[in-house]
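**Student:** For reference, the chains in residue letters:
Protein chains: 2
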Amino acid sequence: MQQSYIFAVMKYVAEINVMPHKNLLDPQGKAVSGSMAAIGLPQVSNVRVGKHISLEIEALNENEAFQKADEACKKLLANQVMEYYEISIHSI
Amino acid sequence: MQQSYIFAVMKYVAEINVMPHKNLLDPQGKAVSGSMAAIGLPQVSNVRVGKHISLEIEALNENEAFQKADEACKKLLANQVMEYYEISIHSI
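Residue numbers (the numbering used here), protein chains in the order written: chain A, 19 to 110; chain B, 19 to 110.
FYI, nobody ran anything at the bench for these hints, they're computed from the structure.
It cannot be assumed that every hint is accurate.
Copies of the same chain look alike in the list, so a pair counts if it works inside one copy or between any two.
[Stated by the list, open to error] When the alpha-carbon atoms are kept at most 30 Å apart in a straight line, the in silico BS3-like pairs for lysine-lysine are as follows:
#, residue 1, residue 2
1, K29, K93
2, K29, K92
3, K69, K92
4, K69, K93
5, K48, K29
6, K40, K69
7, K40, K29
8, K40, K93
Please read all numbers here as calculations on a predicted model, not as lab measurements.
Same shape as in the complex, but just chain A (with noise of 0.2 Å):
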């Protein structure tokens, strides 16, 4: 008897934020600071400037989904040497 399987292929959105290290210093974010009370704002201070990064991944599941993510942060989309990286992924 001849068995065959349908594999659902969904569509997931990840998430992605991609920070310098909490360690290291991040020029972006204390220009940032710098100029919050120039424009009125003197309450806002430790400012830090990652990138966000939104995709979507066809897989079979969320944790596949959360493979491929993590993946493509690794090889390509973060520097771990400086960055560091979160994910969250959620289906459309």
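With chain A held as given, fit chain B onto it using these hints.
**Tutor:** The following block gives chain B in isolation, referenced to the frame of chain A:
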């Protein structure tokens, strides 16, 4: 009778995403999308790249902190002609 008030200033963290408008071209995102197949991830598409900014705000309450973050976005962090922003506030 004299009354005195003590206002407790709280510290909040604002996590801000500044992204290119969905109907605008995002050359950096397009470049990343194009590279995904080359690094063995053809399942990834529709990459959009923006900024993630975290900052600390001193304020009396969460609502005031949100107002300050919103002001910072409008005045400095986002170019509203080309970008939109999302703010999430939590206390520390």
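**Student:** All the hints need checking, so say for each whether the structure fits it.
**Tutor:** We went through each hint and held it up to the structure:
Taking CA atoms no more than 30 Å apart as the test, K29 paired with K93 passes inside one copy only; the shortest distance there is 21 Å, against 36 Å between copies. In this assembly of identical chains, K29 and K92 lie within 30 Å of each other by CA distance solely inside one copy; the values are 21 Å within and 33 Å between copies. For the identical chains of this complex, K69 and K92 are neighbours both inside a copy (14 Å) and across copies (19 Å), given an alpha-carbon limit of 30 Å. For a Cα distance limit of 30 Å, the shortest separation of K69 from K93 qualifies both inside one copy, at 16 Å, and across copies, at 20 Å.
For the identical chains of this complex, K48 and K29 are inter-copy neighbours only, at 19 Å across copies versus 38 Å inside a copy, given an alpha-carbon limit of 30 Å. Proximity of K40 to K69 under the C-alpha cut-off of 30 Å is found in both arrangements, the shortest distances being 14 Å within a copy and 17 Å between copies. Taking CA atoms no more than 30 Å apart as the test, K40 paired with K29 passes between copies only; the shortest distance there is 18 Å, against 33 Å inside one copy. Proximity of K40 to K93 under the C-alpha cut-off of 30 Å is found in both arrangements, the shortest distances being 21 Å within a copy and 26 Å between copies.
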